[in-house]
Amino acid sequence: MILPALLLALELTGHNDEDLARRLQNREPRAMAELYDRFGRLAYSVTLAIVRDPAATEDLVQETFLRAWSRIRAFDAARGALGAWIIAIARNRAIDYLRSMQKRIEANSLGFDPADHPRLFNDTERNLLNAEHARLLQSALAGLSENQRRVIELAYYEGLSQTEMAEKLGQPLGTIKTWTRTALQQLRAALTAGATA
Amino acid sequence: MTCDELRPEYEAFALGSAGEPERSDIAEHLGRDCPACTEGVAAALSTVAAMASFAKPANPPRALRRRVIAMIDPSAARSRFAVWLPWAVALTLAIAMASIIVPARRESAVGSRLAEAFTILNDPAAKDVAFGEPAKPARGRIFLSPRRGIVLIAANLPSIPSGRTFQMWVIPQSGAPIPAGTFRAGAQGSVVYVRSGPVPPAAAAVAVTIEPAGGSPQPTTTPFIVSRL
Ligand SMILES: [Zn+2]
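Chains as they are written, first to last, in the numbering used here: chain A, 1 to 197; chain B, 198 to 426.
Chain A on its own, in the form it takes in the complex:
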């Protein structure tokens, strides 16, 4: 299911984040248009990949940007990574929606709303999100085992909890945890190696 889309990663590069974040904090309506122009397509693509319903995707993307607008004051303009934050909000909304539609787990079960924690999306990570790193990430993904890839896809796109994955894949919870952790760590290692190279 995972497809390469290096162009999308270009939209995540954070060189103008500081200026844009400050204008959003100053409540400049035009800044909202710019925020959407930079991250709207990415938020839409990620949300659609999760909920697979265009109408619901539009609602969720709209909600994502309103959330960002209403919480931007807590964002650290000097150090924050806007794109990563927007995408985290979008994905959080999408997974919540998916879970509530499937009545699997109660809504808001992520237990954490990235909209409320903009400071977790900060500078040291800002430069990881560019086309070069998307390429690195892509090859790191190819280097994962089938099981590792499976668990991060089930988590990322279908919003399965580790307990649900254990059930679905017929594996002990501890094994699922190990696959998840090592998969993400391998992706991260590829990104950070690229960042320091």
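Since the hints were made in silico from the structure, they are not lab data.
Warning: the hint list may mix true and false statements.
Computed beta-carbon distance windows for the label pairs [as the list claims (entries may be wrong)]:
(1) A/Glu28 / B/Leu426: 23 to 29 angstroms
(2) A/Arg79 / B/Cys200: 18 to 24 angstroms
(3) A/Asn26 / B/Pro409: 19 to 25 angstroms
(4) A/Ser100 / B/Arg259: 15 to 21 angstroms
(5) B/Arg361 / A/Arg22: 46 to 52 angstroms
(6) B/Thr418 / A/Arg22: 51 to 57 angstroms
(7) B/Thr419 / A/Ala55: 42 to 48 angstroms
(8) B/Pro218 / A/Asn147: 23 to 29 angstroms
With the C-beta cut set under 7 angstroms, the calculated list includes, among others, these residues of chain B facing chain A [said to hold, decoys possible]:
(9) Leu212
(10) Ala239
(11) Pro254
(12) Leu261
(13) Ile269
(14) Ser413
Positions of the beta carbon are idealized from the N, C-alpha and C atoms, including for glycine.
Once you've looked at the hints, dock chain B with the ligand against the given chain A.
Chain B with the ligand only, in chain A's frame:
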């Protein structure tokens, strides 16, 4: 749990797949700005954010851009399209109303309708009535300003066949229901419907029925929303 015990769960937490009690414990550490957990979760979150580049690229419809911008700048929306908002957006709007900028220039249908909604919601005299029960699908709020009008914010309205429409009614203390306009809902049955203008005096309730397209002079079906004021 200690930070050391939580560390192996940072990745699952960032993906949203962590179970309990780890998930709540990490959230609690983040809530008190625990440096170790903040740093570890931030790293995992940035990796998850980078995974967005795996998503198949899709182009959002152009109208979505207008919808997003119109939320905070009604004058920016140029085309005529129905004002409807996802439920959570509508609620956030209602709550965050004070921080929303409504420019003096109101050009479009959308702009003026949103501006009307804000005017009604901002009226200190506005009554605010919730409707819907957990067991019933449609839920929402009605804001009624006697001088300025009614805003209905609703979600999970039933889907209706073409040729039918939703119709709002003001029900007086005595006498027949007074028609208060027809409207359609957006995706997921959400709507923000604005009925501007003074509300008939002695209104006791606001109701919504399903009627033939164009609306009816009197309700022909049982209301599925009845909100006592
Ligand atoms: Zn900690």
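Hints, one by one, checked against the model:
A C-beta distance of roughly 39 angstroms is found between glutamate 28 of chain A and leucine 426 of chain B, which places it outside the suggested range of 23 to 29 angstroms. With their beta carbons about 22 angstroms apart, arginine 79 of chain A and cysteine 200 of chain B fall inside the hinted range of 18 to 24 angstroms. About 49 angstroms separates the C-beta atoms of asparagine 26 of chain A and proline 409 of chain B, a value inconsistent with the hinted range of 19 to 25 angstroms. A beta carbon spacing of about 28 angstroms between serine 100 of chain A and arginine 259 of chain B contradicts the range 15 to 21 angstroms that was offered as a hint.
Our hint of 46 to 52 angstroms for arginine 361 of chain B and arginine 22 of chain A holds, since their Cβ atoms are close to 49 angstroms apart. Distance hint for threonine 418 of chain B and arginine 22 of chain A: a CB-CB separation of about 53 angstroms, consistent with the stated range 51 to 57 angstroms. Judged by the Cβ atoms, the range 42 to 48 angstroms given for threonine 419 of chain B and alanine 55 of chain A is violated: they are separated by roughly 28 angstroms. Look at proline 218 of chain B against asparagine 147 of chain A: about 26 angstroms separates their beta carbons, and that is inside 23 to 29 angstroms.
Annotation: interface hint on leucine 212 of chain B holds; nearest CB of chain A at approximately 4 angstroms, less than 7 angstroms. Because the beta carbon of alanine 239 of chain B sits about 5 angstroms from the nearest beta carbon in chain A, less than 7 angstroms, this interface hint is met. A least Cβ separation of about 5 angstroms between proline 254 of chain B and chain A falls short of the 7 angstroms threshold, and the interface hint therefore holds. Interface hint status for leucine 261 of chain B: upheld, as the beta-carbon distance to the closest one in chain A is roughly 5 angstroms, under 7 angstroms.
With its C-beta approaching chain A no nearer than about 5 angstroms, isoleucine 269 of chain B sits inside the 7 angstroms limit, and its interface hint holds. Contact between serine 413 of chain B and chain A, as hinted, is not supported at the beta carbon level, the nearest pair being about 28 angstroms apart and thus beyond 7 angstroms.
In summary, the numbered hints that this structure violates are 1, 3, 4, 7, 14.
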